[in-house]
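> The task is to assemble the complex, starting from two chains supplied on their own in separate frames and drawing on the hints.
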Amino acid sequence: MDWSSVFGGAALIPLLNAAIRLAIPTGLAAVGESFCQRAGVLNLSLEGMMLSGALTSYLGAYYSGSLWVGVPAGIGGGLLVGVLMALFTLQFKTEQVINGIVLVLLAQAGTSFTFEKLFGDLTLTGRFEPMGNWKIPGLASIPGVGTVLFDQSPLVYLSVVLIWGIWYLLNRTTFGLAVRAVGDKPAAADAAGISVYRTRWLAILISGAMAGLGGVVLVIGQLGMFMQNVTAGRGWVAIALVIFGRWRPLRVMAGALLFGLTDAIQLRIQAASGGIESDVPFELFQAMPYLVTIAVVVFASARARKSGEPEALGRPFFKGAQI
Amino acid sequence: MIAKTDLRKEFELPALARWMLAVFGALATGGILLALVGANPIDAYIEMVQGTFGSMFDLSLVLTEMIPLVIIGLGLVIAFRARIWNIGAEGQFMFGALVGGAFALHVPIGSPFLAIPIVLVVGAASGALWGALVAVARVRWQVNEVISSLLLNYVALFIFAYAVRKPLRDPGGFQPTSERIPDQFVLADVPVDQIRVHIGIIFALLLVPLVSFLVNRSPFGLRATMFGMNPEAAQAAGVHTSRMTVRIMLLSGAFAGLAGIIQVMGSELRLSNNMSTGFGFTAIVVALISRLRPIGVVVAAALLGALTLGGDVIQRTQQVPRVLTMVIQAIFVLFLLLADRRKDR
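Chains as they are written, first to last, in my numbering: chain A, 1462 to 1784; chain B, 273 to 617.
Any given hint might turn out to be false.
Selected chain B positions facing chain A (in silico; Cβ < 10 Å) [to be verified]:
#1 Leu285
#2 Pro286
#3 Arg355
#4 Arg412
#5 Leu479
#6 Phe492
#7 Gly510
#8 Ser514
#9 Val595
#10 Val605
#11 Leu606
#12 Leu609
#13 Arg613
Keep in mind that the hints were calculated from the coordinates and are not lab data.
Every value quoted in this text rests on a predicted model; they were computed, and no experiment measured them.
C-beta atoms are modelled at their ideal positions from N, C-alpha and C, and glycine is treated no differently.
Bound conformation, chain B alone (with noise of 0.2 Å):
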């Protein structure tokens, strides 16, 4: 029995491997449910590619593709290496854009060096809040995260639709959008020849080696970590679990609802219901297969953002319905866990 164990584990391929094996089995699944509906995979395949990395114009459309990904897939990592499962950032980065718009649209602030940042904060924060009403139920009434987080981003959604549709509303407009916000609040362009990004980009990026201290090298990492692996041993090795829990929430809501408000001040410039395509829900995936860490969180939201937008080419050139690279998505996750799972059980 130990000796087949040993066995086992000198076969066991490095990580990186086993990503990479991860990546060909979803893309090959992917490929055999293209040609299940008459598309040609190898066609298909290469028609994403060109079409995402293809010029400067789409490889901006990837890197603003990406803002939201990463900054909310950070704030995963640090509530998913507690094994806080964190489900409800859709609700969080909701709460964050409505709160955070609502203050740009409504109080007059002149100067954009004081407006951007305080409205950051202002979304930042409110993600925070919608975060913790699921710390407060998880260390006050053991209620489980995983539910009370999904629950609340429908609650999430319907206070944006409504607020969209009646206060907020544009009266000029159609549909139920807000009016576009003032010019002081928009994050500008990066100033890089033909890339089209805002520089929510480079707040993103930023934010990657200050993620990457805290859960790797700073004692509330190390003691989120711990937690993780065994909360009773954290508890008795003196750290306050309670606490630790309110912390990680508020911080994945914050990273969440920061993801929110800099979509309506660089991408959208006004509230309107159909702002997120799902943002929270791709993050969770981008979390999953970056092995939560804060690098590996760039590069799964490059591949799952190019992903997404060529789905839109396939839906263009193969009619194959875009949400095909949602299916290839979840299926990476499905074998990530696989290649990744301990043999020596």
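Looking at chain A on its own, in the form it has when it is part of the complex (with noise of 0.2 Å):
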């Protein structure tokens, strides 16, 4: 096998350009994700949104022709998830982790029979071309660093902007002030005034409209098809990135960053290695970027001196209840 077609310096900004087009996904996920948890809910629906997603984008796209109608659509399936955590979770309040869980074996049972149904079967059918990339005036020019950063699908730049655009909403605004209270010290936020069900129900619904984005990335700006399972653990992976990142949306982008290099990387082993005869055991590779983001999980709560985790995370509020 050739090592050089994957660390060679040749390999390195086309490599490093794949790895942030491959974070995308997963980062928009996990950073909604955080958002959701600063205001005191675990949605462990993530993977199952990000799903929904996928499926509904790519319908989306496959019947209108367009790929931009993919967007909403997709945006669409990640809250129609969302909304189903947040009735089980705030409306009837059943237990949160119970509730993530079965709507995601829900998402990805329903997605496949969707698309079984529609289709046929579950292989390659109804390929399109995915979105191409619109290199920045001026920008993509500028040697290595143009081609890794300003030379990627539109979809990548929308990306980003919400990513910061969620930072901002979380530190910067009234509302993240009060998504910060509601996760921390949700009585107190409901003696001052705020709603903490409303409160809970927008995050939740921010995260699925994130995560159902990451879905439409994954799925009209990168591969151009849907299969079962498509996102393969990208949204459990976030909400690991979510405690590597201690619940901070950008430290989260950073952690969603080391894993789409570890991807892009296993990506190209698994290319270079030449098939089902090879020596090389791509699978281990393969298996890297969840290993490594064990492993980060592990290296950033094991370092960190104080948790950072929000103090109501997981624990239901009930209105008047004694404290």
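Listed below in structure tokens is the structure:
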């Protein structure tokens, strides 16, 4: 196997470019999740939100013939799971952890069912060309950095803006203050006149929209197709990255970039290994993004002096209950 | 306020009625979905029942499908009672199958009376080891077990895929699978006329009273339940919480690993990538709809085992994707959560 095609000098720029591209779907979901957890809701349905968004964006783009239609369609798919998560967690007050896990199972089964019914089987039907890159004039011609950062899909630029937007919303607005208050001291926030339910509803929906958009970027921006469990655990990785980033959106995004880099390296090794008879244990490299995720979470948790975890994370709020 | 609460409590249905209501709700929703895709729901359900309980042959298939679900489900009941959310059973199952299977393929033991128990122990121990990683990450570094157990599934699946593609590959096979395990490691069928199911079903059913005793009657079970309800209070009452977490994950993983190696020795007879149809995830549903009761696990496994095989039937007869049955399973849990939610809040 030719390792220079993976790590060689000429391969470096495309590798970093791919790392950013691959980081975005997970990054969007992870940043949205960090926002939701700051409001005190442990949203484990993230993988289901991404998957649902991936399917609806695929269907939107496929049936309309326009890739851009897939964008709102995918956000809608993520919101759909978000509404269910909010209903069960906030309205019915059933166990958050179970709600999340079961909604992932429901989304996995539901998306497979819909896709298989519409397209006959779960293999490669109805592929389309994913969205092309927009080179930003001027900036893209900077040697090295230009190609890495400014020769990306427009969805990548949109995502970066939104990720920054979530940071801004959380840290620089009154709504963000309410979100943080509700996540740390819901009873106090309630006493101050903030509606805990409304704030948490919005936080879950924002997380659904972001994860749905993650599904969009995966399908419309990268693959141009849908298949069973196309998100392959990225939603779970995203939740891990929230812990890695100590619930701060921009640190969480830094974790996503690390995941993207590992994924890009892994894909290259797989491509260079030469298929099923290869002596290269490429499966072990395929496991690498997941292993690295576990490793960085352990590292970040072991090193953290203060937890940074929202105090009321995962705890339901009962208005008027004795504290 | 108080009066209202009391009133609502009085009208609370008994547990079994709520469970039946959830079954009905799930099947009704499934029926609507069937009608939406142009099938006849009544026919489909009749065909599913006929195709799963209609003959001894079909019944045998249901029983075989139940074996991994019961064993993994029991392990998950132990974990979920302590509110340790192990969703890594799929990986623990595959890891148990892999290490146990590799042992059976490479360690020559002549007598089945020696070979079978040894391999069962190896499989269970491997699953326990894979589960223990999750516990160690939680007690040493406060890593949420949901995340670590789920991510470790992928790691186990990829290790498995490598093992059957390279070191354990059957050189004569086209697919990446291992060779057949030697005869002395194969589990026999139960000696009952017309029923074709291997003796794994007996292991599975014997585990039910054991787990029942463990979670309901033993001091360990009591401490685990206390730990689940309120970890701080349990610790104050003298429960060693990290030791508890490790033990529970060891047990839960051991059950999944045991299910994996039994699947190899009784059903698959070789290691292959598609040996699990998602048993580890279906078992989560089994444990949840058992309401964390060991006897309930048997009922739930029979129901979901039949549902899964019924999915194959309606795929043939009604051209409905079999994955519909997994939609019904998830909806079932959601309805049960709704029916069981505490009304006094």
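> Let me make sure I understand: some of the numbered hints might not hold for this structure. Which ones are they, in numerical order?
1, 2, 5, 6, 7 and 8
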